[in-house]
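Participant: Position chain F relative to chain U; hints supplied.
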Amino acid sequence: STTTSVKFDLKTYWSNLIGEINKNLDDAIQVQYPDLIYRAMRYSVLAKGAKRAPPVMCIAAYELFGGSRAAAFPTACALEMVHAASLIHDDLPCMDDDPSRRGQPSNHTVFGVDMAILAGDALFPLGFRHIVSHTPTDLVPESRILRVIAEIARSVGSTGMAAGQFLDLEGGPNAIDFIQEKKFGEMSECSAVCGGLLAGAGEEEIQSLRRYGRAVGVLYEVVDKVMEERKKTGTENGSEKKKQGKSYVSIYGVEKAMKIAEDLREKAKRELDGFEKYGDRVVPLYSFVDYAVDRGFTTDVW
Amino acid sequence: LKPEEPKPLKFDFKDYMISKASSVNQALESAVSAKEPLKIHESMRYSLLAGGKRVRPILCIAACELVGGNESISMPAACAIEMIHTMSLIHDDLPCMDNDDLRRGKPTNHKVFGEDVAVLAGDALLAFAFEHIATATLGVPPARIVRVVGELAKAIGAEGLVAGQVVDINSEGLSDVGLEHLEFIHEHKTAKLLEASVVLGAILGGGSNEDVEKLRKFARCIGLLFQVVDDILDVTKSSQELGKTAGKDLVADKVTYPKLMGIDESREFAEKLKREAEEQLVGFDPLKAAPLIALSNYIAYRQN
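Line order of the protein sequences matches chains U and F. Just so it is clear: in the first sequence, position 190 is 190 by our numbering, and no numbers are missing. Just so it is clear: in the second sequence, position 225 is 1225 by our numbering, and no numbers are missing.
Extracted from the complex, chain U is given alone in its bound form:
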């Protein structure tokens, strides 16, 4: 039900990108002395089953405006490093206390809490460093690189993801929208915005990408939780999580959560209306939205 009739194969688009992203990440984190920290970083960044949604979103947003993909790749990979850092810290015993992540033991379960904290502390700066040392400055002027750095830093910081995590742990009863947007919308928002910034998009276009990305990020999370809930029905307790975070499903139930998901789908697509002038290049951004709800295909990489 996309607004365009162009045949676009999201699965192929996504799988091709994942291969290239994984190779870049593998090269960017080579084990050296002291081995343990590099192994801990690689364990989470190169985890099998990682969907690479932030980098793919970043590249799709960049390609909306044309230009060589090489310009966006370093930032795309950096987003994945920063994302991994944030997940490692979220899983810690003093936070969500999650013993597993993406079907494998979480970082601190394998490497210990001290190494998990340090792996996160090392992945944040590695992301920034990767951007400044790999982004071709003949394609992206330094002033844009600085805006990307600032955008990523703001997203993971005390008014972004860290704020979402904090309120999820300690927040009041009405914090649900804020938590969902900060904890799950922020990374996606940041990814779309970074793509636009690298391409030199105008301020209004950046704002559209911002709202689009935020809606898509929350949408994925809502649908994930609905799917988890449906899978759980009939089985014993599917979750090993000790401290269950707040979600739309846990607060409003599946029905209302699906209604919220539909609204988010509408909202995300509305933001893309202004990009019709870019023709077919906007199609990948539409397809993420529908995929988030329909999950029309699965492969090993998902």
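Hints were generated in silico from the structure; no laboratory data involved. Hints are supplied without guarantee of correctness; some may be wrong.
DSS-like mimics (lysine-lysine), calculated; alpha carbons at most 27 Å apart, straight line [stated by the list, open to error]:
{"id": "1", "chain 1": "U", "residue 1": "K48", "chain 2": "U", "residue 2": "K267"}
{"id": "2", "chain 1": "F", "residue 1": "K1237", "chain 2": "F", "residue 2": "K1288"}
{"id": "3", "chain 1": "F", "residue 1": "K1154", "chain 2": "U", "residue 2": "K23"}
{"id": "4", "chain 1": "U", "residue 1": "K246", "chain 2": "F", "residue 2": "K1039"}
{"id": "5", "chain 1": "F", "residue 1": "K1035", "chain 2": "U", "residue 2": "K246"}
{"id": "6", "chain 1": "F", "residue 1": "K1154", "chain 2": "F", "residue 2": "K1014"}
To spell it out: a stretch of chain F is covered by chain U in this simulated footprint if at least three of its residues, at any positions, have a beta carbon under 8 Å from a beta carbon of chain U; those stretches are [stated by the list, open to error]:
{"id": "7", "stretch": "1033 to 1041"}
{"id": "8", "stretch": "1088 to 1098"}
{"id": "9", "stretch": "1141 to 1150"}
Since we're looking at a predicted model, the values are computed, not measured. Even glycine gets a Cβ: it sits at the ideal position worked out from N, Cα and C.
Facilitator: Relative to chain U, chain F alone:
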């Protein structure tokens, strides 16, 4: 009466430090304001504004001024370095790391705000350091700022600060730790950030590559010097004088310079490092180099 001989201009280190620290404190205070969510920002401010001598930011500013820059263009980077330093202390003090209850004479961050907030406040300070450099550095070509981001990121990651922390953690209880191993820890855990402080200032101030590399070497020497002196103080001073738990490094079976080479040899080593540091400043305007020379003296002869 003979007219009075013109006195050589004397550099007043104490005045210099007080005035620079006060500028840095003001800049930090306004950079990290108390906003929503209040508790995280209070936690960040609690550790960031806890006093401290601001040696790192002052090194950054002094290096910038040495090569021809001014205080204001280096201030965001100077503050960023203090944010990173603070962040590493907050995470280092956590129960799963060094498990410290006191820092600069006050309860550690997680003691006051809880472990979860302490982890998040550290992460937020780390991120904000980069945001602050990228958005608040004014009057400097973007290419220089990008270079500064790269230098800082390298200094604090798995090839820098974190490497030192990892090796340090893994050395506890080891009986046959050699000098090379100890130097790896200190070069990474302490010297890298001091090096970054100086190098960031030199880059922002528009120093030539040769200037930047000389100052890098200067910083490496005083970085190691800082740690050697710290180790010496740890065995010779009491907790009260230091404002932290003294002798802890010995109790926890950590290796220190006095343990490996003895107190007298450690003192000689410190002298050698200080001389090497000062040699790097030969050739710069002596007036502008005075703060850095005084800082290396201060690091060498401080009592806490």
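Participant: State for each hint whether it applies.
Facilitator: Taking the hints in turn, this is what the structure says about them:
no.	hint	in the structure
1	U:K48 <-> U:K267	32 Å, violated
2	F:K1237 <-> F:K1288	34 Å, violated
3	F:K1154 <-> U:K23	21 Å, holds
4	U:K246 <-> F:K1039	19 Å, holds
5	F:K1035 <-> U:K246	23 Å, holds
6	F:K1154 <-> F:K1014	32 Å, violated
7	1033 to 1041	holds (count 6)
8	1088 to 1098	holds (count 5)
9	1141 to 1150	holds (count 8)
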